[in-house]
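Peer 1: This is what each chain is made of:
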Amino acid sequence: MDFEETAVKARAFSYFRAATIDQALDAHARAGDDARFIAGGQSLVPALSLRLQAPRLLIDITHIAELRGIRREGACLRIGALTRHCEMLSEPLIAEFAPLLHAAAPFVAHPAIRNRGTFGGSVALADPASEFPAMTLALDAEIEIAGSSGSRRVKADDFFVDLFETALQPGELITAIYVPLFKADQRFAFDELARRRGDYALVGCGMLATFTSDRIDDIRISFFSVGNTPTRVKGAEAALIGFGLDAERIAAAQAALESDLAPPENDEVPPAMRLHLARVLLGRLLGRLGEAG
Amino acid sequence: MSGFEETILDEADETVRVRFVVNGRKVACEVAPRETLVDCLRGELELTGTHVGCEMGACGACLVQVDGRAVHSCLMFAVQADGARIDTIEGLTESGAIADLQAEFHRRNALQCGFCTPGMLVNAHELLSQMAQPSREAIRDALSGNYCRCTGYEAIVDAIDAVAKARSVGDAR
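In order, the protein sequences belong to chains A and B.
Note that the numbering used here has the first sequence beginning at 1, numbered continuously upward.
Note that the numbering used here has the second sequence beginning at 294, numbered continuously upward.
Bound conformation, chain B alone (with noise of 0.2 angstroms):
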């Protein structure tokens, strides 16, 4: 009945295999148990558009999608992402899906050192996939988890609203 095996008690630093789907493309990674998503992604697949900040979930850098959900990256470990689908902001930026917002923070100096952009970014296309006119309260309640040190967060709101109005726009015709 039990699929628990005793040996795996006396193997915490052996390595094991995981396999996942990253930015559509499948791939398998040796890793230890308490290596967290971030540093597999950052790491072992060289993916380093991801940010690592405070390692406790507080901070938002970090953010990927798993199987479609905006998640801490570094509040998971990789063993437990094994069979999932993962987006990085490498990912989303190939595929298109976010290039109007990347282009509006462009635009309007939504990002200065740019540290927290990628974990923006996720945030921001996972509020708009949701909610199609948010206002902004709701812009910045959905980011209230994702630091910004450097633009006073008044311009990446700006940018997602007008992101937001202009989907809106563009669906109307």
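Looking at chain A on its own, in the form it has when it is part of the complex (with noise of 0.2 angstroms):
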């Protein structure tokens, strides 16, 4: 085929399908970091195709056993890098243990996308708008990352830096992502507004709240879509730790966003109302967390 003449054709690369986690390390440093990690592919695959990058190589990963496979590991669920979007809607472990993520999955993308689309992935592009980098914020969870200098886990706090900007140097790999064992004192809540299901939403948010009978003795809510990168909401969450959820701790949550949230100034979503989403979107999910109890 002639890819010069078309618009929408990816650059020439070579390709290397790697065995195990150390042969993807080394073939990325012997192309001089000039290469690209692929798994699913649901976002690189258009970038390339774009030629928003045109690496010399591509190391496929997804025949890495290590990097597969969900289990209890102490205090945690370790859910392999490979572990694919519509995993996370069939898997028992994954609806007892990590429900917060069992219940976002329908909204990431489209079925399709969900059969070849992977966790590790998601997290690794740390798209503002993808559903399951906001989530790891959460949860509290930890992101296993392997590269030449060996394994490390980052903090969800801390590994997302910028706009597709994360803790990964070049040449590194995510492995796993840890996340905490959902509790029988816990309750969650994830919902997003979007114009069409399946599109990026306007805005998205997800939380995980630990109770005391009724009060709330601790709360992590992340929303998605509303700046650079997945964003906690402190302010938001010092309202509610130590109260019940009623109408007036609603409200005061729902106040506290207006110093949390920064949206970007946007011609379609202007900032303003980026916020009032945001706030409407809090109060429904509040709502619906005081129900759960």
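Check each hint, because a few of them may be wrong.
The following residues of chain A were derived to be distant from chain B, with all beta-carbon distances above 10 angstroms [unchecked claim]:
| hint | residue |
| --- | --- |
| 1 | ARG36 |
| 2 | VAL161 |
| 3 | PHE164 |
| 4 | ARG249 |
| 5 | GLU258 |
Below, a list of computed lysine to any residue pairs in the SDA-like style, where the Cα atoms sit at most 25 angstroms apart [to be verified]:
| hint | chain 1 | residue 1 | chain 2 | residue 2 |
| --- | --- | --- | --- | --- |
| 6 | A | LYS155 | A | GLU237 |
| 7 | B | LYS319 | A | ALA19 |
| 8 | B | LYS458 | B | ASP393 |
| 9 | A | LYS183 | A | ASP162 |
| 10 | A | LYS183 | A | GLY150 |
| 11 | B | LYS319 | B | ILE391 |
| 12 | B | LYS319 | A | GLU91 |
| 13 | B | LYS319 | A | GLU237 |
| 14 | B | LYS458 | A | THR212 |
| 15 | B | LYS458 | A | PRO106 |
Keep in mind the hints are simulated off the structure, nothing from the lab.
Cβ atoms here follow ideal geometry from the backbone N, Cα and C, with glycine treated the same way.
Both chains come to you apart, so use the hints to assemble them.
Peer 2: Written out as structure tokens, the structure reads:
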């Protein structure tokens, strides 16, 4: 085929299918870091096709067994980086121990995209409009990263740095994500506002709270599609901790969003509109959290 | 330890051999690493029933089954599919797996130009294999990534709904 005649074709690259993490890291280094890891490819392939990226080497990591699987490890669920979005819906361990991810999964893109896209890939890309990166914040998850100097774990709170920028260094690879097991005294809620189902959300939010009877002992609330990174709203969290969920507290949390969020200028969705939608969504989700008890 | 040979960095424009099982038949072809699966299916294997629309995963015209699951063949390079089982609209038609869906689409005018139809059928096939009695809302949700610019979707949802009901009556007998 004559690729140069058509607009939506990737530039030429070499392809290497890695069998182990070490092989993948080694290949990346030997390509002078002019390489990209590919897993589900549901964001990377369009980026290559549009020539937003043109690496010399594509390293396929989907056949690396160490990156697969979901299992309990101590007080955490270890979710392998290659776990596909559709598995968030079908895997019983996710439904039981990470129900917030299970609840968010139907909102991630469309069914055929969910069949290929991976959890690790979504977190690594850190699209500020994506559901799963924001949920790692709400869940207080830890991201396990492999690099030439070994393996390290980074808290989600420290992982998202700026627009599509994370704590990942060139040549590093997410191997798994650790999520604390969901407990009996916890409640969660998730929803998003989008013009059409499957589109990127105008505003989205997920939360995880620990209760003593009806008092909130701890809560983590994370928004997406509100700025350059997924965003925890610590002012709103502080307005809720130590209290029951009554109308006054919910209003206080909604009011706190004014200083927690600074939505970017946008012709279609002005900052004031996004902030309004965030308040509406927060009110709805806290209402559901109260009813869930 | 490493399976990586640096020489491949200078071979970006050279084709590599991939093998897969397409519609039940083993095939091998020579592709450049940057060639998408849909281009390989249409260009090399002349299976032109799979359509190329947006080439960025938005329109759903290029859906095929890879190892039994619906995927966008524009969002996958052919080299990634090496070793996989691929079923296209041609194979699903030949096997009769979607004959009832096709008949119902025809009967209810669930297509006009037909460009979106292969993707619609692949998606509907997957939905009905996972959910025996989907609600109309569930059908619409499943089709949210498939664009049809002719029909307004109503007849498509009707057709899938009718097949779901007919199949569950058939199962009960």
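Peer 1: It remains to establish, for every hint, whether it holds in the given structure.
Peer 2: Now the hints, each set against the structure:
1. ARG36: The claim stands: A:ARG36 keeps its Cβ more than 10 angstroms from every Cβ of chain B (closest is about 12 angstroms).
2. VAL161: Non-interface label on A:VAL161 holds, nearest chain B Cβ at 27 angstroms vs cutoff 10 angstroms.
3. PHE164: holds, 17 angstroms
4. ARG249: holds, 34 angstroms
5. GLU258: Nearest chain B Cβ is 33 angstroms from A:GLU258, so the label holds.
6. A:LYS155 with A:GLU237: Between A:LYS155 and A:GLU237 the Cα gap is close to 18 angstroms, so the pair holds against 25 angstroms.
7. B:LYS319 with A:ALA19: holds, 24 angstroms
8. B:LYS458 with B:ASP393: holds, 11 angstroms
9. A:LYS183 with A:ASP162: The hint is violated at about 32 angstroms.
10. A:LYS183 with A:GLY150: violated, 32 angstroms
11. B:LYS319 with B:ILE391: holds, 22 angstroms
12. B:LYS319 with A:GLU91: Since the Cα atoms of B:LYS319 and A:GLU91 sit roughly 32 angstroms apart, the hinted pair is violated (cutoff 25 angstroms).
13. B:LYS319 with A:GLU237: Cα-Cα ~57 angstroms, so violated.
14. B:LYS458 with A:THR212: Since the Cα atoms of B:LYS458 and A:THR212 sit roughly 47 angstroms apart, the hinted pair is violated (cutoff 25 angstroms).
15. B:LYS458 with A:PRO106: Holds, at about 24 angstroms.
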